[in-house]
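These protein sequence lines are chains A and B, in that order.
Sequential numbering of the first sequence, starting at 1, is according to our numbering.
Sequential numbering of the second sequence, starting at 1, is according to our numbering.
Please note that the accuracy of each hint is not assured.
DSSO-like cross-link-like pairs, simulated, lysine-lysine; straight-line CA separation at most 30 Å [what the hints assert, rightly or not]: (1) B:Lys22 - B:Lys6; (2) B:Lys34 - A:Lys5; (3) A:Lys325 - B:Lys31; (4) A:Lys233 - B:Lys34; (5) B:Lys233 - B:Lys171; (6) A:Lys325 - B:Lys339; (7) B:Lys300 - B:Lys2; (8) B:Lys22 - B:Lys3; (9) B:Lys31 - A:Lys233; (10) A:Lys48 - B:Lys266; (11) A:Lys325 - B:Lys34; (12) B:Lys322 - A:Lys331; (13) A:Lys325 - B:Lys322; (14) A:Lys296 - B:Lys339; (15) B:Lys3 - B:Lys300; (16) B:Lys31 - A:Lys5; (17) B:Lys6 - B:Lys233; (18) A:Lys254 - A:Lys331; (19) B:Lys171 - B:Lys219; (20) A:Lys331 - B:Lys339; (21) B:Lys261 - A:Lys48.
Output of the computed footprint for chain A on chain B, the stretches with three or more beta carbons under 8 Å from beta carbons of chain A [stated by the list, open to error]: (22) 41-52; (23) 103-109; (24) 114-124; (25) 146-160; (26) 188-198; (27) 253-260; (28) 317-324.
I should point out that these hints are in silico values taken from the structure, not numbers from a laboratory.
All C-beta atoms, glycine included, are put in the ideal place defined by N, C-alpha and C.
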Amino acid sequence: MSERKLAMNRAIIEALSHEMARDESVFIMGEDIGLYGGVFATYQRLFKQFGPERVMDTPISEAGFTGIALGAAAEGRRPVVDLMFVDFFGACADQVLNQIGKVHYMSGGQVKVPLVILTGIGGGYNDAASHSQCIYSIFAHMPGMKIVVPSNSHDAKGLLTAAIRDDDPVMYFFHKKLLGLTWLSYPETAVSHVPQEPYEIPFGKADVVKEGTDVTIIGISMTVHDAIEAAGKLQPDGVSAEVLDLRTLVPLDKEAILASVKKTGRLVVADEDYVRWGVSGEIAAIVAEEGFDYLKAPVKRVAHPMCPIPYGRNMENFCLPDADKIVAAVKEIL
Amino acid sequence: MKKAIKLDLWRTMVRCRLFEEKVAEVFLEGKQPKYDLGSGPIGGGMHLAAGQEPVAAGLCAHLTHDDTLTGTHRAHHFAIAKGMSMHKLAAELMMRDTGCCRGKGGHMHLYDASVKFSCSGIVGAGMGPACGAALAARQMGRDWVAVATFSDGAANAGVFHESLNIAAKWKLPVLYVCEDNSWAISVSKEASTSVARNSERAASYGIPGAYVEGNDVVKIYKAAGEAVARARKGEGPTLLEIETDRYLGHFEGDVQVYRPKNEVTKLKERDPIEVFGNAIISAGETTAEELEQIKADAKKEVDQAFEQARKEPLPADMDAFKNVFTNEQESIAVAGGAK
Chain A
1 MSERKLAMNR AIIEALSHEM ARDESVFIMG EDIGLYGGVF ATYQRLFKQF GPERVMDTPI
61 SEAGFTGIAL GAAAEGRRPV VDLMFVDFFG ACADQVLNQI GKVHYMSGGQ VKVPLVILTG
121 IGGGYNDAAS HSQCIYSIFA HMPGMKIVVP SNSHDAKGLL TAAIRDDDPV MYFFHKKLLG
181 LTWLSYPETA VSHVPQEPYE IPFGKADVVK EGTDVTIIGI SMTVHDAIEA AGKLQPDGVS
241 AEVLDLRTLV PLDKEAILAS VKKTGRLVVA DEDYVRWGVS GEIAAIVAEE GFDYLKAPVK
301 RVAHPMCPIP YGRNMENFCL PDADKIVAAV KEIL
Chain B
1 MKKAIKLDLW RTMVRCRLFE EKVAEVFLEG KQPKYDLGSG PIGGGMHLAA GQEPVAAGLC
61 AHLTHDDTLT GTHRAHHFAI AKGMSMHKLA AELMMRDTGC CRGKGGHMHL YDASVKFSCS
121 GIVGAGMGPA CGAALAARQM GRDWVAVATF SDGAANAGVF HESLNIAAKW KLPVLYVCED
181 NSWAISVSKE ASTSVARNSE RAASYGIPGA YVEGNDVVKI YKAAGEAVAR ARKGEGPTLL
241 EIETDRYLGH FEGDVQVYRP KNEVTKLKER DPIEVFGNAI ISAGETTAEE LEQIKADAKK
301 EVDQAFEQAR KEPLPADMDA FKNVFTNEQE SIAVAGGAK
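With these hints in hand, go ahead and build the complete structure from the sequences.
Okay, structure coming up:
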């Protein structure tokens with residue numbers, strides 16, 4: 001069977017199209033998603049296919065429309081909300097952090113919130129401090145929300161399908177530089193085979209992208225590709241790296257992480273988010289707590305330092321994780 | 001209106017226009033054959049204000065360096081009209097250490113404390129801070145004013161309503177200046193806003209509101225002058241909604257499929273630089289030659305700003321760790337991971 005390679009933005013559109021055709025309660029809200037098809041081309045043709053009642057352009061009112069999504073979901077509808085850049089979450093922080101993830105719990109299970117928030121993350125193209133963040137850590141830290149971070153188009157479609165069908169609120173983070181846009185460079189490994197038919201990828205199931213024996217490199221979103229590249233660079237030096245793509249942060253595939261570290265004894269976590277108080281630290285803590293005996297060396301983290309993301313390209317590249325930094329980290333613990 | 005003021009207004013508009021046209025050019029450098037936002041001397045998204053110059057010129061003519069102005073992702077014209085040096089602006093866009101923010105902020109996060117100008121890429125982010133500058137001025141017994149500039153789309157953001165209510169209640173010396181260019185990326189004002197004009201919303205807050213038509217620098221100058229005077233006298237905020245025209249896309253590279261065909265061509269028929277230039281000539285207050293000279297000088301200023309910037313150094317990589325905190329050692333320690 002020949003490969004059906006599709007860019008991530010097209011894979012997202014396919015998942016949405018399938019689900020909206022299948023389930024009339026699914027509808028989309030957000031800024032510039034209608035005729036425009038989304039600033040990241042993740043909603044193209046859906047407006048034509050399903051019309052303004054199901055693909056709804058909103059004003060610039062994040063607090064308003066995320067609250068609306070919550071209310072509609074509580075009534076059994078299945079909204080998909082576009083938060084254009086994750087950096088805009090401040091405008092809807094209360095709805096997202098205090099309400100959406102907590103309502104099911106606070107109601108003792110009475111109310112379900114089957115909504116999905118799709119949001120663009122990531123830097124590396126000089127969009128600077130307030131347009132380049134990842135900060136999925138903030139949302140992962142709040143109990144009650146599932147956190148999905150696809151690294152490639154195949155996973156993007158399967159995970160989004162699962163997200164829409166899930167009865168819990170899901171935040172789905174797509175990296176802008178993995179979408180396959182014509183105006184933003186992307187790694188080839190982001191574009192993978194996407195089956196035509198609908199399929200789900202279960203949450204809490206990491207992917208072993210590449211098997212190895214000497215070190216585990218965990219990647220999230222863009223850093224999965226940095227890890228793949230790093231593994232390639234380590235190979236000629238006789239270092240066999242295993243690359244793990246977490247796919248979802250909540251629920252987390254803890255078993256896969258521990259099994260891999262048990263096998264290799266060494267762990268480097270590569271994360272584009274800020275290094276402190278986030279995902280990379282969480283993974284390191286879990287391994288320290290539950291996989292301590294497996295470790296032959298300290299855990300290493302390659303992540304963005306604790307400064308806002310600088311505009312200037314040389315400074316931003318200095319801060320961002322990349323394959324060379326991952327390779328250097330691996331060599332420190334060999 | 002005195003001739004000197006008219007010429008100043010025209011000069012400011014021309015400087016802004018020529019600057020934006022230059023940025024559009026330089027932005028394309030390094031983006032061939034593959035167009036990539038992350039390539040070339042100017043990176044990231046770019047949002048240009050060609051067509052919107054009258055708002056900046058007419059408003060900033062009434063402001064001093066002690067008055068604060070906050071802007072949006074489309075703010076180069078305000079930066080220039082407020083008094084930021086074109087060179088510092090160009091150098092910042094080109095990531096140089098000599099840029100206004102030493103390469104840290106970039107196009108959507110420009111700051112010039114010496115003229116109290118700043119802008120943000122988050123819609124509505126500047127409204128509260130403008131009110132804050134106004135509050136501080138009053139606390140310090142100054143007659144300084146502050147201006148929050150934003151666009152039609154931002155008037156639907158929660159912070160607009162919150163901050164304007166506070167400004168009205170506390171009678172803060174602030175202006176809310178809405179640039180109505182009809183478009184919030186691809187969504188028209190009409191499609192997103194529950195009232196015909198945002199100036200009507202002033203009534204909700206018990207403050208004066210005015211709609212200024214026609215992208216007309218003289219009308220803007222008059223309306224802004226009244227609002228600034230009111231604020232300086234302690235009479236509180238004004239909401240001005242100014243009809244203006246966005247000639248280019250939301251961002252450079254925007255194909256603008258949502259825009260009616262020929263809309264921009266039609267808008268350019270009332271190009272404020274042409275219209276006002278012709279008006280001052282007709283009134284016998286200047287000649288075509290004088291205006292040509294002003295234009296030539298402005299072109300020189302723009303070209304030199306970029307030429308100089310090109311020669312200047314980038315910041316050091318590790319400068320990324322500075323300015324996180326005010327104490328440099330502490331900043332480097334925390335950002336570098338030592339603390």
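How the hints compare with the structure:
1. B:Lys22 - B:Lys6: Judged against 30 Å, a Cα distance of about 24 Å means the pair holds.
2. B:Lys34 - A:Lys5: Holds, at about 21 Å.
3. A:Lys325 - B:Lys31: holds (27 Å)
4. A:Lys233 - B:Lys34: holds (26 Å)
5. B:Lys233 - B:Lys171: holds (11 Å)
6. A:Lys325 - B:Lys339: Distance ~21 Å between Lys325 of chain A and Lys339 of chain B Cα, so the pair holds.
7. B:Lys300 - B:Lys2: With Cα atoms ~26 Å apart, Lys300 of chain B and Lys2 of chain B stay inside 30 Å; holds.
8. B:Lys22 - B:Lys3: holds (28 Å)
9. B:Lys31 - A:Lys233: holds (28 Å)
10. A:Lys48 - B:Lys266: Cα-Cα ~28 Å, so holds.
11. A:Lys325 - B:Lys34: Distance ~26 Å between Lys325 of chain A and Lys34 of chain B Cα, so the pair holds.
12. B:Lys322 - A:Lys331: holds (28 Å)
13. A:Lys325 - B:Lys322: holds (21 Å)
14. A:Lys296 - B:Lys339: The given pair, whose Cα atoms are some 26 Å apart, holds under the 30 Å limit.
15. B:Lys3 - B:Lys300: holds (23 Å)
16. B:Lys31 - A:Lys5: holds (26 Å)
17. B:Lys6 - B:Lys233: At roughly 25 Å apart (the allowed maximum being 30 Å), Lys233 of chain B and Lys6 of chain B satisfy the hint.
18. A:Lys254 - A:Lys331: Since the Cα atoms of Lys254 of chain A and Lys331 of chain A sit roughly 25 Å apart, the hinted pair holds (cutoff 30 Å).
19. B:Lys171 - B:Lys219: holds (25 Å)
20. A:Lys331 - B:Lys339: holds (24 Å)
21. B:Lys261 - A:Lys48: Cα-Cα ~20 Å, so holds.
22. 41-52: holds (count 3)
23. 103-109: Since 7 is at least three, the answer is holds.
24. 114-124: Holds: 5 residues of the segment 114-124 of chain B have a Cβ under 8 Å from chain A.
25. 146-160: holds (count 6)
26. 188-198: holds (count 3)
27. 253-260: Result for this restraint: holds, n = 3.
28. 317-324: holds (count 6)
The structure is consistent with each of the numbered hints, conforming to all of them.
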